[in-house]
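A.B. asks: Please build the complete structure, drawing on both the sequences and the hints.
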Amino acid sequence: SQQGEEDPQALSIQEGENATMNCSYKTSINNLQWYRQNSGRGLVHLILIRSNEREKHSGRLRVTLDTSKKSSSLLITASRAADTASYFCATDAAGGGNKLTFGTGTQLKVEL
Amino acid sequence: DAGITQSPRYKITETGRQVTLMCHQTWSHSYMFWYRQDLGHGLRLIYYSAAADITDKGEVPDGYVVSRSKTENFPLTLESATRSQTSVYFCASSGTSGEFFGPGTRLTVL
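Here the protein sequences line up with chains A and B, keeping their order. Its first residue numbered 4, the first sequence is counted upward by one per residue in the working numbering. Its first residue numbered 4, the second sequence is counted upward by one per residue in the working numbering.
Just so you know, these hints were derived from the structure itself, not from any lab. One or more hints might be untrue.
[Claimed, not checked] As a list, the in silico EDC-like pairs of lysine to aspartate or glutamate whose alpha-carbon atoms are at most 16 angstroms apart: (1) A:K72 - A:E18; (2) A:K102 - B:E62; (3) A:K102 - B:D59; (4) A:K29 - A:D10; (5) A:K72 - A:D86; (6) A:K73 - A:D10.
[As the list claims (entries may be wrong)] Some but not every residue of chain B turned toward chain A, in silico, with C-beta under 8 angstroms: (7) W30; (8) G45; (9) L46; (10) A54; (11) F93; (12) G98; (13) S100; (14) F103; (15) F104; (16) P106.
None of these values were measured; they are calculated from a predicted model. Using N, Cα and C, we set each Cβ at its ideal position, and we do this for glycine too.
C.D. replies: Following this line, the structure appears as structure tokens:
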């Protein structure tokens, strides 16, 4: 089973709106990472949040981590059409030997 | 240029043939990984390596072989390709700021 599960599976918003994606996982982690993948392209690393951190910002991205609920959220503020992509969370499980486990992703569509 | 590269980017082969996918990184990261990405399954780990000459199986290792004689290279070999190995393959390396992916190799097995 997937360690990271994203929610929702698909999200459609208007340009300028905020987009929030959630990720739940099952075991203790060292860190959680978010990636973006444009259609037919490779994965782009967005942000890494460690298990002892609760919130991180990078530009228009805001990531939160709640280890008690085993969940994370990715907020993209003031979305743009160029943000249209699939977004994946990946967890580095504690004691897992630096291996990442990916969820199946959230497909975000930002319409003009 | 610093980064992680994969070759070839596209490959078409036939069932039963041996195929090797190459991965090269310039960061001297200790950890390297191979994933495959298929519709409905997301990314699944095939093999990973903690350092040169140290490799271990991931979630879906059957039908694949890896080696890591040098820190910067991590080739993935399909010893006898099957149609079920048609996929997009991503190599990655891991540093303190995260895990970074190559551009992918799209492999089609006919």
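A.B. asks: Each hint should be assessed against the structure and marked as holding or not.
C.D. replies: Checked hints:
no., hint, verdict
1, A:K72 - A:E18, "violated (31 angstroms)"
2, A:K102 - B:E62, "holds (10 angstroms)"
3, A:K102 - B:D59, "holds (10 angstroms)"
4, A:K29 - A:D10, "holds (15 angstroms)"
5, A:K72 - A:D86, "violated (28 angstroms)"
6, A:K73 - A:D10, "holds (14 angstroms)"
7, W30, "violated (13 angstroms)"
8, G45, "holds (4 angstroms)"
9, L46, "holds (4 angstroms)"
10, A54, "violated (11 angstroms)"
11, F93, "holds (7 angstroms)"
12, G98, "violated (10 angstroms)"
13, S100, "holds (6 angstroms)"
14, F103, "holds (6 angstroms)"
15, F104, "holds (4 angstroms)"
16, P106, "holds (4 angstroms)"
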